[in-house]
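Let the sequences and hints guide you as you build the complete structure.
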Amino acid sequence: MSLESLYQDIIIDHYKNPRGRGLLQSPLGTAFHVNPTCGDEVNVQVATDAQGGLQIGYEGTGCSISQASASVLYELVQGLPASDAEKIRQAFVELMHSQGHAEPDEEVLGDGVAFVGVAKYPARIKCALLPWMAFQDAEIQGGLMPIADTIQG
Amino acid sequence: MSLESLYQDIIIDHYKNPRGRGLLQSPLGTAFHVNPTCGDEVNVQVATDAQGGLQIGYEGTGCSISQASASVLYELVQGLPASDAEKIRQAFVELMHSQGHAEPDEEVLGDGVAFVGVAKYPARIKCALLPWMAFQDAEIQGGLMPIADTIQG
Amino acid sequence: MSGIDVARIRADFPILKRTVRENKPLVYLDSGATSQKPFSVLDAEREFYETSNAAAHRGAHQLAEEATEAYESARAKIARFVGASPENIVFTKNATESLNLAAYAFSNATALASQGASVDPRFELKPGDSVVVTEMEHHANLVPWQEVCAKTGATLKWIPLTDDGRLDMSGLPDLIDSATKVVSVVHQSNILGTINPVAEIMDMAHAVGAVGVVDGCQSVPHMPVDVREIGADLLAWSGHKMLGPTGIGLLYGTAEILDSMPPFLTGGSMISTVEMERSTYAAAPAKFEAGVPMVAQAVGLGAAVDYLVNLGMQEVAEHELAMTEYSLKAITDLPGVRIIGPLDARNRGSAISFVVDGIHPHDVGQVLDNLGIAVRVGHHCAWPTCRRFAVPATTRISPYIYNDFRDIDAVAEGIVEAQRFFKVAP
Amino acid sequence: MSGIDVARIRADFPILKRTVRENKPLVYLDSGATSQKPFSVLDAEREFYETSNAAAHRGAHQLAEEATEAYESARAKIARFVGASPENIVFTKNATESLNLAAYAFSNATALASQGASVDPRFELKPGDSVVVTEMEHHANLVPWQEVCAKTGATLKWIPLTDDGRLDMSGLPDLIDSATKVVSVVHQSNILGTINPVAEIMDMAHAVGAVGVVDGCQSVPHMPVDVREIGADLLAWSGHKMLGPTGIGLLYGTAEILDSMPPFLTGGSMISTVEMERSTYAAAPAKFEAGVPMVAQAVGLGAAVDYLVNLGMQEVAEHELAMTEYSLKAITDLPGVRIIGPLDARNRGSAISFVVDGIHPHDVGQVLDNLGIAVRVGHHCAWPTCRRFAVPATTRISPYIYNDFRDIDAVAEGIVEAQRFFKVAP
Ligand SMILES: Cc1ncc(COP(=O)(O)O)c(C=O)c1O
Ligand SMILES: Cc1ncc(COP(=O)(O)O)c(C=O)c1O
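Protein chains in written order, with this note's numbering: chain A, 1 to 153; chain B, 1001 to 1153; chain C, 2001 to 2426; chain D, 3001 to 3426.
Calculated directly from the structure, the hints in this document are not laboratory data. Every residue, glycine too, gets a C-beta built ideally from N, C-alpha and C. Certain hints may be false.
What the hints assert, rightly or not - Examples of chain D residues lying across from chain A (beta carbon under 10 Å, computed): (1) H3360; (2) V3367; (3) H3379.
Said to hold, decoys possible - Simulated coverage check for chain D against chain C, where a stretch passes if three residues somewhere in it have a Cβ under 8 Å from a Cβ of chain C: (4) 3041-3050; (5) 3060-3066; (6) 3140-3154.
As structure tokens, this is what we get:
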């Protein structure tokens, strides 16, 4: 397992240049998640725009994986309807549980496909999932979670 | 190790025909000891007669070893000055810690020598010592313990 | 005799080849105290230490990942074994800790509430409330509740026993009432062998809103136990009685109850966030597993579960029943010997306590020991049960999968030998 | 480098022969989390299971006698190792349980007193009383005291830290005052490496009548520790960090303090008498060892003590010092790397935490892991200490007797490699 396959350039790029980082003015839901094993933190907020698209705010401190994952989350779901975002979230969770054997669909996961190598490192999967778990909680809190899938992931 | 060497006839005899069993009218000290592993119980009382000799009362329930030991205790120390009794008590304790290698002095220990085989069975040593520990406590309680040796055994 | 092949099983247990007391082959009939361990359990533990030892849930390096995986997959096996999910299984050091964990939920909640904290009211005890146990509890399921009562002012009550060693259910509707906050009952008595109708009792507990606890120490190793059938909120048992290593115990809890209980042992790995002045806690089961856990023991216990699953718990239970029937007959056939506990094999396990007229149970045990037969003597940590049956102690055989009828024959001969030796032959 | 022969020692540890991450030889530098185990420990445990396994203190047959003897002679070895008597040593499952046992003495005594029981007043807490810890405690010596305060209304106070990672002793005379009921301090910090003047602090505790507790998790495995010199009433540590098995911890207590503490876990083997309504308790250490104990683990730990005694704890401490000096220099020599904790080796252990500018500690650890080097990353269960030094986490090396300078060189090279990979080379 080479370092490059875990830390693909895309991940390092999102880590060093996080997209859309920052908090929202009036979030509908906010969830602060920590990884108690290592102290990584991420705060994810959700709201909707006039067209019903998701607005994402986030902040955090932590390793490249957790912070890049938050940035990718932003990039992937910002502006989407919650139901579309939910499909992406589920695809990302699935990818993380694939033990590195998946062939992720770049159509769905965009830069998220770069996390495929993370799935081989059980201790880092939690890092990658951290913002996505917070996102899910924030949606539930904000009443934005598509009903049928509230317990997945 | 034959059963006979553990349960010498003398022990069985004391068990079936305990000497001096019963409680005192006005004890100076009383100690109730149990072996919490098995529930053996013995209650030992001490007083002194007009000549300053020890008076022993006892009762109990338990295995042949613990009950015979109480009977032998009675036989050995009844009527003796506390200081002489203390020498016997110490000799008995020492015998029990000899792991069966001692050649006990019948002059001192009388029927107590029959317990030499018990010393090879760690779990039974506690049974044999039970009345002697209670005796020591009863003496301390009754203020009859020869000073120098109150912590032995 | 039954679906399991005792001779083949015995070959898996190295200790059964040893001799005791001057070359007597070992007849081990003390599995109620602790069972012996097969090679596969010893091998699994050792292999873990030799290849993957690290602190589980505490590192990101490869060994730590492997240790975490080993630990969690053991949890999953154990969960499956009792029909639960992994999140419902808490690792403890023994069943005693598991039962204390349950009991401390009540005293801790009560103390926290006294300082104004908001706690789940089911766990808050006050004078007038009651805790219900039975008169056949092991000390591990009695003393912790005595302590809870001493700390909160609640009252301890118990279900009495019938003369044949069963629960006297007649008074139950009065005993379990609206004041009852917890009902904690042994599934299979370690001293009497009785198997109790725990599902029924749990239903009665739930009907009055009480928390229901079952002590499964002697049932889980000996019969198929499914937490969904028992219906307990909490089920405690030990690893060392089911072929596993020493130093590991289990507590099953429903998600709902584990969530609402305050933590017990606190420290590392059970927290969510920690500041100097306050902490928040992880979700169960982590909430109840403070400190570096007994990873190697969990791995060994996982192998023990594999061993039992491989035999089949139904087959184990049939063997248990066959041993029970055979032993009951062998012992009742002996003049001057009295069984303390049920005389029929229905709803009864193979642990059998008895007393021999004229010989103290200790002395009976000693004679058997001298013949190479390991049994337990004493009050078996169920002293009040001894009192109930007016015996100071008993001698107890408790067979397991590696015992067969010949072992019971040896006991019967040993008892006769004891009667001869102590000259009480009837 | 020091009086111990690392190459010879390494041959005793089977796991050190394995490779990780595609054939990299394992460099294990996470002994602060848990140590590896030599053959002699694994053999001792296995031999116990294969020859003498039985429930200690619970039977009269030969195996039970042997198990009891094995368990108690392990206790005696461990007692000798820290200058104590066997009666002063309580076996627990880990240091976390030991520290909880200490903390629960206070909350239990307070609860019992609230119901009118008479308890030793030293353990009874009320609002206004204080509990003093430090800002460098492991969660295991912090959260239990937070819980005690939450249950009793007492106030938690702490000794702050200086910027170089030492205790700021200047305010101590004000902090430890007549309201102080307990002072609990880590001997050697697992995150900073600092060795604290515990004897001095225990004296101050005793001067105000407070109970003094020391967390010896990181000191007992690494240097000679004598309870008589430390002067603590209670000393807690773990077996798994000193070559012993998982699943066993220790609590040393003075006879006087153990006698006056109420019991913690209750159940079998810790009682004197039991009736349905009340029980009396055995003398320590039995009073604190409820349930079937971790006998095999005690035996393994006894072998671990033999191993360390054989090396010589003075020699172990010298090796520790040599490793500390070498590592401090190797790490401080690297540009862009900052040590969190004391920079001089005086009163400092070999566990060294550091941060690398521009790379998160997790990522540093991952690069090292990929090179086969096992280190720990995160807050090391000392989250408030991280906050004090304004770092979210650190990367930590924690060597032991099987590590040498080459392992440290590997870490230094790995850090440079991480800087190159993450393009932050200064
Ligand atoms: C200083 C310190 N205290 C307490 C503990 C807790 O020890 P354990 O997890 O073995 O209970 C540790 C190790 O984890 C430690 O390093
Ligand atoms: C019925 C019952 N409950 C509880 C226990 C306590 O289990 P442990 O000693 O393993 O904690 C035992 C066995 O000792 C038992 O038989």
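Against the structure, the hints come out as follows:
1. Look at H3360/D: its Cβ gets to within about 4 Å of chain A, closer than 10 Å, so that hint holds up.
2. Hint status for V3367/D relative to chain A: holds, with the closest Cβ pair at about 6 Å, below 10 Å.
3. With its C-beta approaching chain A no nearer than about 4 Å, H3379/D sits inside the 10 Å limit, and its interface hint holds.
4. Interface restraint, the stretch 3041-3050 of chain D with chain C: holds (5 residues with C-beta to C-beta distance below 8 Å; minimum three).
5. Note: the stretch 3060-3066 of chain D has 5 residues with beta-carbon separation from chain C under 8 Å; the three-residue rule is met and the coverage holds.
6. Given as covered by chain C, the stretch 3140-3154 of chain D passes the check, having 11 residues with a CB less than 8 Å from a CB of that chain where 3 are the minimum.
In this structure, every one of the numbered hints holds.
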